[in-house]
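Each chain, letter by letter, is given below.
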Amino acid sequence: MSATIFEKGKNGKSHSYLPPHDCPLEKLDLPGRRKSALDLPVIGEQDLIRHYVELASKNYHIDKGMYPLGSCTMKYNPVVNEELARLEGFNGLHPLQDEEDVQGALELMYNLQEALCEICGMSAFTLQPAAGAHGELAGMMIARDYFRDRRENRKTVLVPDSAHGTNPASVVTCGFTPRTVPSNEQGLIDPAVLERETGPDTAVLMLTLPNTLGLFERDIARVVEIVHRAGALVYMDGANMNALLGIVKPGEIGMDIMHLNLHKTFSTPHGGGGPGAGPVGVRAPLEDYLPVPRVVKEKERFSLRQRADKSIGRVHPWYGNFNVFVKAYAYIRTLGAAGLREVAENAILNANYLMKKISQWYYLKYPGPCMHEFVVSGKNLKDYGVRTTDVAKRLLDYGLHAPTVYFPLIVEEALMIEPVETEKKETLDRFAAVMERIAEEARENPSLLLEAPLTTPVRRLDEAAAARSPELCWSGEERK
Amino acid sequence: MSATIFEKGKNGKSHSYLPPHDCPLEKLDLPGRRKSALDLPVIGEQDLIRHYVELASKNYHIDKGMYPLGSCTMKYNPVVNEELARLEGFNGLHPLQDEEDVQGALELMYNLQEALCEICGMSAFTLQPAAGAHGELAGMMIARDYFRDRRENRKTVLVPDSAHGTNPASVVTCGFTPRTVPSNEQGLIDPAVLERETGPDTAVLMLTLPNTLGLFERDIARVVEIVHRAGALVYMDGANMNALLGIVKPGEIGMDIMHLNLHKTFSTPHGGGGPGAGPVGVRAPLEDYLPVPRVVKEKERFSLRQRADKSIGRVHPWYGNFNVFVKAYAYIRTLGAAGLREVAENAILNANYLMKKISQWYYLKYPGPCMHEFVVSGKNLKDYGVRTTDVAKRLLDYGLHAPTVYFPLIVEEALMIEPVETEKKETLDRFAAVMERIAEEARENPSLLLEAPLTTPVRRLDEAAAARSPELCWSGEERK
Amino acid sequence: MSYVQNTERDRKEMLETIGISSFAALLDPVSPELRVQGGLKLEEPMSEAEVVEHLGSLAGKNRPASARISFLGGGIYDRYIPAPVRYVLSRSEFYTSYTPYQAEVSQGTLQAIYEYQTLISRLTAMDSANASMYDASTALAESIIMACAIKRRGRVLVPSALSPRVRAVLDSYVPGKSIQLEDLPWGEDGTLDLETVERKLAEDAAAVVLAQPNYLGLIERAGEVSELAHAQGALLIALVDPVSLAVLAPPGEYDADIAVGEGQSLGIPQSFGGPLLGFMATKNQYIRKCPGRLVSATRDIEGKRGYVMTLQTREQHIRREKATSNICTNQALCALAAAVYLCTLGEDGFREVARQSLEKSHTLYRMLSGIPGCSLPFGENFFSEFVLRVSVPARRFLDRAKREGILAGISLGQDFPSLGEGALLVAVTEKRDRAELELYRDVAAAAGGGK
Amino acid sequence: MSYVQNTERDRKEMLETIGISSFAALLDPVSPELRVQGGLKLEEPMSEAEVVEHLGSLAGKNRPASARISFLGGGIYDRYIPAPVRYVLSRSEFYTSYTPYQAEVSQGTLQAIYEYQTLISRLTAMDSANASMYDASTALAESIIMACAIKRRGRVLVPSALSPRVRAVLDSYVPGKSIQLEDLPWGEDGTLDLETVERKLAEDAAAVVLAQPNYLGLIERAGEVSELAHAQGALLIALVDPVSLAVLAPPGEYDADIAVGEGQSLGIPQSFGGPLLGFMATKNQYIRKCPGRLVSATRDIEGKRGYVMTLQTREQHIRREKATSNICTNQALCALAAAVYLCTLGEDGFREVARQSLEKSHTLYRMLSGIPGCSLPFGENFFSEFVLRVSVPARRFLDRAKREGILAGISLGQDFPSLGEGALLVAVTEKRDRAELELYRDVAAAAGGGK
Ligand SMILES: Cc1ncc(COP(=O)(O)O)c(C=O)c1O
Ligand SMILES: Cc1ncc(COP(=O)(O)O)c(C=O)c1O
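Residue numbers (the working numbering), protein chains in the order written: chain D, 1 to 480; chain E, 481 to 960; chain W, 961 to 1411; chain H, 1412 to 1862.
Among the hints, erroneous ones may be present.
Unchecked claim - Reference excerpt, derived from the structure (chain D facing chain H, CB under 7 Å, subset only):
1) K13
2) S16
3) Y17
4) L18
5) P19
6) G44
7) E45
8) V79
9) V80
10) E83
Derived by calculation from the structure, the hints in this document are not laboratory data.
Beta carbons: idealized from backbone N, C-alpha and C, even for Gly.
Can you build the whole structure from these sequences, using the hints too?
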């Protein structure tokens, strides 16, 4: 293991970085001075750099290889977009500069909003939410205020059992009560069941499309009709929009509110967990509920409209993760309509191809065609004492990343695989070959899987011990 | 092994990069069109990036760990300097732009020249040479033309036997005849021997200071006197100047011509073998021989003086490796006099410390104090059937880089170790501990060394086979 | 012009393997009438050169504060970012990786977060910190929700001297949890009136929010507020400026229960206000109620030290509607920036940032005092940002200053009418130098009086 | 403010281990009178922020051609560099590593060079290429030395239509090897006069240098020159523009013995003329006479493919005064840039660069023809750079054009008086667009006539 930076930076010597201090003040009576030690490491620049380079070398990352995490859309992050996002003309803007000094930034946001509207068929988008879950919450707030204004006391949000965990969590954070809608045999919403569950208390159906099994809701038209008939709204979790680009516009098929994950569909990197951006789009009747400020255009001039009577207010102190917008916008402008459609088609093609291959060795509960991802189960390996987690860990030994495991919850021993469009056939073939090999190993020599990974910087880690007594902070010495 | 990019880029699909072609011409009768295939790979951007990231992961580099290559001065390359060198105001300049449009670049070069003059005690510097050897050659040309103008037909250049290979090679390239001066028992030039070798045919003594054994020529004053008395010049190979910063100014102790390696002493990176920069400094009488153009300053305005009657002409079509100058200049401005002196002191301290430790287990022919580096011999391990090369390869297994081996030639089984100033004591201790361990292994289990390295991307490579029938070019398939 | 790498031939072979003759068959589940007609109406695709040109021209239409003499603050600061921060953040191993779900191949990210948590714990003098929140405002909202959950009470006291934007975020967040926010107005000196605090607390509050320094830049009597809160069984939530913690008592010293703040100052560019970094630290007794990811040290099966995400049963992907929060994607890369920033500067360097900000801001303050037409309503009890009142409308003053190259501050009048239309919030960071402060003084002398 | 990491305590401990009480003892070999008195007189040290400010201001004093409408060429070209090139070059694994002396831990660099060699071989249609030279001029000088060594002859024919700076480098290099350069003047049409070539060859030359295109941008009759040279037992050295090779016959097609050229066009910024990239390729029969590093594929002891530096007995570190050249440090990172550039663009993209340069330059040529006061002395037989003659002194024309935002070319009069003082060399790359060409035309129409 790498020593911590605190160990490396004990009594070191550091370089000097700051502008000169040309205004020292001798007497400055400040109340409440800090008494306790700060205890920051002191380390030379070379050792600092080496520390982070050493840590970096222990990470899997997209520039290393395929990252088939289902639901996460780990696609290639174009390097030019990173460069553009580092331009000082973007990076150096204070959010309270005069509008005349930030016209380029506002234009970019405006153009991005417009492009997202066109792509999704929505009337308006806000870019404020900092992530997908944040967008869900903002969307729920819109629904909340919408019903409040209509003086309808609807409290229930229907959530399919295959939904991502953020969905019910966002529902609750916003003060609604989630109610689970079971999927049918095909992994889809059953209109009959939905009909039963929908009632006067129903505020929203929160739907993921394609759903987290990678399936398109075949009965979506019926579904929408049922919900709308009940006076409720349809919220679409658009984190899987990668599959629908140029194929389906959610706004055209009845989605009232939706969020996008720019860090999935629009190629902005995940940063080891963030930041992302989760813009929220709405259909016309809900436009006034969007957060303020909103970027508007009047005669080639862009400005921030600060007030809107019905607005839910703010979910971000400024305008959202602007730096992420730059990358997403560059991506959309690079691809255009044809490129986006190509993305969706290849995401779908890759997934179906891989599903076809992998379902030879792993159990496939919901046969295709799938959209951009699919879920198989490792339950056929249980006989050999092997679980899905072991398959995942064994993949690491082959220098690959594992799929998402144990999600969605409705598939036993789930392996959720999303190849994304930027991987080419050859790469998929290699992944499939390894998956086949692992299935063989499970039969022939299961201990290879049970003991995996062997080649990674650390072996399997004791998560239970950590949860029992977490060590969240370096205390100065290693705990035994 | 990584497949070649030709294999990966066979019939691929690439992204689009170029500006639009808005001037297509139908009819263009060009003579001598290319007939043969170009056969460039066609590869998607993601796979291209992965290819190079994969290659990168197979390199040792400074940001990974200590790089104790003697004579190479592998010191830390500050990251801020890389950023500065990427500024478009530097990077985007065409060398034939009007002087008024490149004042900042000329000022930088001028300031750098001045700083080098002060550091080295020389009258003038040219920045043109693209590397140390290139500087040596330029220096030899200066000597050649100097004697030509004096109508002295001196043909011999004295070169100590410990000199770097570029020295005699540069001598020959310039039309002089090198003559080897043997070192004495202490690894130094023996004034009596030098006296004997010096004669009316002697043009130059080409001296490395400190020499490649890491030793300062104790009799340098005598040496200079002998050479000058004979009407010859002293050329100093200043690649080891790291040890002398702020301690000795070569110009003050009689060096007539010298070169520096900016990519050693002044922290610019080596780039896997280049580019570097090898500025050449001279004392006043030789100033007119420097290459043209030269940057001059007149009343706060900088310009390029194109003519100088005695000038050797050009050794570079433009002004040298400008981008490297930016980094070296930033380094010098960051450190100032105190910082440069600190560099030399710590380079010397680190070397003597490590020499003290390592000479416990390896044979030290020339005891210290050394300057910035030292040479030990692995000959004491020969009894166990182990050679220096085996020690070097075993070091790789410990995740360290090996020292320079088998150079200088006058030390049998040489290990030439230069720790440089940016490594701290702790790092040296670890290196020494590994060297001790390896010496033990040589005694206890020599096959560990003979079979090393075991943990690297490839094992020991067959250099002889390559030299017998080199494969310098990918032909489309692997040779058996 | 996409980044798709499959060739026509690849696609053909794949369709064959799937056993269909054309791609269309895969769209079978999407009934035709649902599909987009006629393609998306977007601008034509661009080559890399074109997109570089286009975004370059957009960037060129902006006049970034970072390249000017900026006294803008109010939550986002123009600070010096050392080069190593950019170096580390531009390594693809960090920026292109996902949330570290497979710990064995994510030790880099995990250890970096663990170290970040430790740094935040040390800075705040709190027991433990989480792996990041979106920004200070959402961190504060979550800490309020957390405090109410801990206390099972629904009323929280919030200072009026709070960023109006942070307040707006709270207002949209807390109704969902049926939480009432109650204002704590500032007193004469611009800080909390302790009697009011005591009085409002008596009515069974879950928590008091203390902004330190407050939005007017002023230093609150944190220890006294903390005692009042605890005396009534309420928690103390401290919203702190991380840079100030190098000189001001950290939340742990005045026994805060939860500390949150905006980490943008720690090596993150202004970026038009995002991405930011919400940090959150708390006492160990509350850690299981805390939102967001946590990384813990542990051992592998060979006894080797390693890092994992822990206490995931608080999180949405395990607990769904029972999670402490809905947060999933956070601001990991910004947390990494903050860690690299703090370690690059080190103990002395970071103290120096705080000291320079403090002393340079006080230098400007002193330069401005006594200038006709300028008043400084709240005295010297500030860290590095202060309120200046000029005798002309703030807008006019700012325009005038901009012509001299100075972004002179944030106008406060709209959000806080009681401060008057000449009120400005002026932030001074270590990037400013004496000459720039003098320029400000001269502009103020010329313009502040309304001439 | 150095990057030294040893602390005072470290230093004390180290001195103790060495067994001395102060650092001074280590300077014992340097007798005191040799030492610097009173320290170096340099500017005060700077913090990172200060050095960024200082160099930023120097950069700001320049007006880079890359950000303007540049028609400057003459060896350095303003071309579009795709982002992946910068990405790869900014990875420290490449830029901070040394020459790959320890092959086992340098496979990244070695394979990259091997691939670079292959790319250059393919581009030039030659058997093999070396790992790089400093630039085209030194590569040409070395190739002349090499040819003379192969042929054991001492006379080399060099075209007059050669960059004057390249020629100056040759002039300083070749006397050392007692080589005579003899001029081959250009004929009416600006290209080599074949009869002169034949005549001069008869006198026992070692080699003929062919510049393709030549410095005037014109395409030589390479095949015929080659035949003439070979007929006399001389070698043909081709100095080529790599971009032109996507459309023009490569040296291998006309049986050149050595091909050299400037690789700056292949993804390397203009950088005020350095660093550059000299490439060199040759026939296999001459490879052991070639200067510089060579990387070969081979096998490790387990039979695994790997790469090593090879034929090192040609090099100075082994053969010292008998080496084929003194080169040691080369331009490895620039070679990497060229490799990444070529692979990023790929077959079609690279052809497109050449095609755009060709067609855009010819478009401008056609726009200019017929404009009063402009003449085009050498016709359309050029690749992407051509000679324009205006009726006013070139300097005046250039100044006028610059006021319109155009860097209109390189004045040729000083170096080639016979071309007249109105002669310019105009280069057009793929970066220019029609509107810019039209602007040039308009400027020429207004200024070229002397008005
Ligand atoms: C289907 C789905 N919904 C919502 C989310 C939440 O998005 P975020 O992580 O950006 O908050 C995710 C991603 O994790 C997701 O895959
Ligand atoms: C002592 C010495 N002289 C000369 C050189 C040659 O310098 P360069 O490699 O820059 O040509 C070197 C480095 O390799 C060296 O160490």
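Going down the list of hints, with the structure as the test:
1. K13: It holds, given that the least Cβ distance between D:K13 and chain H is near 5 Å, below 7 Å.
2. S16: 4 Å, holds
3. Y17: 4 Å, holds
4. L18: Holds - the Cβ of D:L18 comes within 7 Å of chain H, reaching about 6 Å at its closest.
5. P19: 4 Å, holds
6. G44: 3 Å, holds
7. E45: 6 Å, holds
8. V79: 4 Å, holds
9. V80: 4 Å, holds
10. E83: 6 Å, holds
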